[in-house]
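Peer 1: Residues per chain, in single letters:
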Amino acid sequence: MKRYKYLLSKVLWASLSIIFVMILNFFLFRVLPGDPARAGVKDPRLTAEAQNAIRIRFGLDKPVINCFESINPLKLGSCLVNPLDTQFFIYVRNLLQGDLGTSYHTNRPVKDMIGEGLVNTIILIGFGQMISIFLGMALGLIAAWKVNTAIDFATLGFCLVAWSLPTFWLGIVLLFTGSTWLGLPVVGKFTPGGGLATGLPMFLDVGKHLILPTLTFSLIMLGEYMLIMRSTSLEIFSEDYILTAKAKGLKTFNILKDHVLRNAMLPMVTIIALNLGFTVAGAIQIESVFSWPGLGLSIFEAVGRRDYPMLQGSFLMIAITVIFANLLAELMYSYLDPRVQAI
Amino acid sequence: MSWAGIVMLLIALILAVFAPQIAPYDPYADIKVNIMDIYAPPSAQHLLGTDDAGRDVLSNFIYGARVSLIVGFFAAFISVIIGGLIGISAGFFGGKVELILMRFTDIMLVIPALPLAVVLVALTSPSLGNIIFVIGILGWTTTARLVRSQTLSVKERKFVLRAKAIGSGNAHIIRRHIFPLVLPLMVANSVLVISLAILEESTLSFLGLGDPTMISWGQMLNFAFTRGGVSSGAWWALVMPGLGIVWVVLGLTFLGHGLEQIFNPRLEAHHLSVGKNMVTRAKEGAGNAQP
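These protein sequence lines are chains U and Y, in that order.
Under numbering that gives the first Met the number 0, the first residue of the first sequence carries the number 0, and numbering increases by one thereafter.
Under numbering that gives the first Met the number 0, the first residue of the second sequence carries the number 0, and numbering increases by one thereafter.
In short, the hints are calculated from the structure, not lab data.
Keep in mind that the hints are not guaranteed to be accurate.
As the list claims (entries may be wrong) - Examples of chain U residues lying across from chain Y (beta carbon under 10 angstroms, computed): (1) Leu27; (2) Val91; (3) Leu95; (4) Ala280; (5) Ile298; (6) Val302; (7) Arg305; (8) Ile317.
Unchecked claim - Label-pair restraints from in silico Cβ distances: (9) Pro40/Y / Ala47/U: 32 to 42 angstroms; (10) Phe323/U / Leu84/Y: 22 to 32 angstroms; (11) Ile22/U / Leu84/Y: 16 to 26 angstroms; (12) Leu15/U / Ser124/Y: 43 to 53 angstroms.
Claimed, not checked - Here are a few chain U residues that sit away from chain Y, every Cβ distance over 10 angstroms (derived from the structure): (13) Leu7; (14) Asn106; (15) Pro108; (16) Lys110; (17) Leu117; (18) Ile130; (19) Ile150; (20) Ala153; (21) Thr166; (22) Pro184; (23) Asp204; (24) Ile210; (25) Gly248; (26) Leu260; (27) Ser333.
Just so we're clear, the structure is a prediction, and the values are computed from it rather than from any experiment.
Note that CB positions come from ideal geometry on N, CA and C, so glycine has one too.
Please construct the entire structure, taking both the sequences and the accompanying hints into account.
Peer 2: Structure follows, in structure tokens:
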């Protein structure tokens, strides 16, 4: 019973976070000085009628919310309109229908543009995460086992440097070296014209284009996973059950595999999920450097074009995904370790 | 380790403070350039070559330290103050105040910071003040959590209970008893917050959201990357600013880890470690058991 209550409260707080993000997302783009109306209608050659037509087209002619523009208690009656006809209500209604608006730049539904980018981002993040999690756990475990030796210091040094590297700069350096010395392709997902290929040649082409971005991503994430794995393992090493296992005469390899690795999984799961926000930040930078056509690159381009619906949609999408991932991690954590039930 | 960090930071600080004396050229001055000055490789006149506008990379680099450090320090200052206020009030008052504040912190913690920062800076104008403000108001969550847990433990100490018993007001207890004991932790944490802020500033500048009138390391990288630095092979314009960021962030990380170890000593040896460490620990343990 208590367990269900715990799960329910987690789900409840996640939903509350999502509602908060939805409201924040709406008002950020309406309250702040660079409002969508001015940005969307900025071409000075447009006539007043054309400007108005665009405003109506994007629904910017409607009041943001009742009495939002002039909060004057004396005039309360005059600013009231039908609440169903305000921008906020339309925004919420559209969101519930899965409509994220229309891009100012391409005039296409933001939903479709995000969908296309998301697939590519997931490919990039997926490969990078797999490599960095696997290597990070292995190297972190070894470093903890060989604590205070040269191996440990080398690992620690690498982690600290990896942590201090700006992601985009590492991307630039790898792009520079990879293209000059190794002849690796550095831009986009296909060689020009290569998008027409099918089957194996296409996969090989995409794979080649993936090498450098994935390498950048793995190196950046690796440091953190290694560091956390190392400190988690160190803590586990000083537990009494490790001493017991050693006293029983188990081989070190077996202790590491069955006793340490298993218990270290728990915190790692949470860290990986909590890190998703950081992962997204990395993806934005890496995709911008390598022109990898993912969500990050479209955010980068949307910033340059002041394409607010696209920015708004992507931000909402990312925030909701991260909140869901965190919820999932917490649920998984309580499943993996039934002791976790406190708030 | 923390000494290495301090030395690294001092060097960066000296560069930033005495930039006009150290830098061979003034990056903000008007200059005349011809085509040969664009991305000129390192030479006697320009030790690190020139950038896309024919300006001296070394001078830009030295002046760039100023902006990066200013943004880092001030943004972290805002973050630590917000985080400290929220953490202390949540920990000290408890109950509903704590519930609301910590839930708000949790919500802010899961919202991805970089996309939100991108949105905020893109909507406001990209001036230095705005960037500091945006990074500052997004970076306080970890500080708030840390400070809260420290406040919770300090609150239960005898001298706080005594102060309460003789009728001290809340403001007095927080100012005289809680804050001094939370401060060291806040200082250690702020070092790490500064490094995050510097990284975030460089990222925002690289994404084209930096203050266009200011030269920061991120801004230099943005110019070099978006204006053909890679295809003209101008490694000198691409490498130095990044190394600067790594230098400062690494220095801060060293310092932060050193401070953290002082305030929060971890176990130096464990059951699987071999060598003298384990033996000394065992001896100490035995000594404590039989005083």
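Peer 1: Are the hints correct? Go through all of them and say.
Peer 2: Consistency of the hints with the structure:
no.: 1; hint: Leu27; result: 6 angstroms, holds
no.: 2; hint: Val91; result: 19 angstroms, violated
no.: 3; hint: Leu95; result: 21 angstroms, violated
no.: 4; hint: Ala280; result: 4 angstroms, holds
no.: 5; hint: Ile298; result: 7 angstroms, holds
no.: 6; hint: Val302; result: 5 angstroms, holds
no.: 7; hint: Arg305; result: 7 angstroms, holds
no.: 8; hint: Ile317; result: 5 angstroms, holds
no.: 9; hint: Pro40/Y / Ala47/U: 32 to 42 angstroms; result: 53 angstroms, violated
no.: 10; hint: Phe323/U / Leu84/Y: 22 to 32 angstroms; result: 30 angstroms, holds
no.: 11; hint: Ile22/U / Leu84/Y: 16 to 26 angstroms; result: 24 angstroms, holds
no.: 12; hint: Leu15/U / Ser124/Y: 43 to 53 angstroms; result: 32 angstroms, violated
no.: 13; hint: Leu7; result: 15 angstroms, holds
no.: 14; hint: Asn106; result: 20 angstroms, holds
no.: 15; hint: Pro108; result: 20 angstroms, holds
no.: 16; hint: Lys110; result: 17 angstroms, holds
no.: 17; hint: Leu117; result: 14 angstroms, holds
no.: 18; hint: Ile130; result: 22 angstroms, holds
no.: 19; hint: Ile150; result: 13 angstroms, holds
no.: 20; hint: Ala153; result: 15 angstroms, holds
no.: 21; hint: Thr166; result: 7 angstroms, violated
no.: 22; hint: Pro184; result: 13 angstroms, holds
no.: 23; hint: Asp204; result: 21 angstroms, holds
no.: 24; hint: Ile210; result: 17 angstroms, holds
no.: 25; hint: Gly248; result: 14 angstroms, holds
no.: 26; hint: Leu260; result: 13 angstroms, holds
no.: 27; hint: Ser333; result: 16 angstroms, holds
The structure does not agree with the numbered hints 2, 3, 9, 12 and 21 stated previously, though it agrees with the rest.
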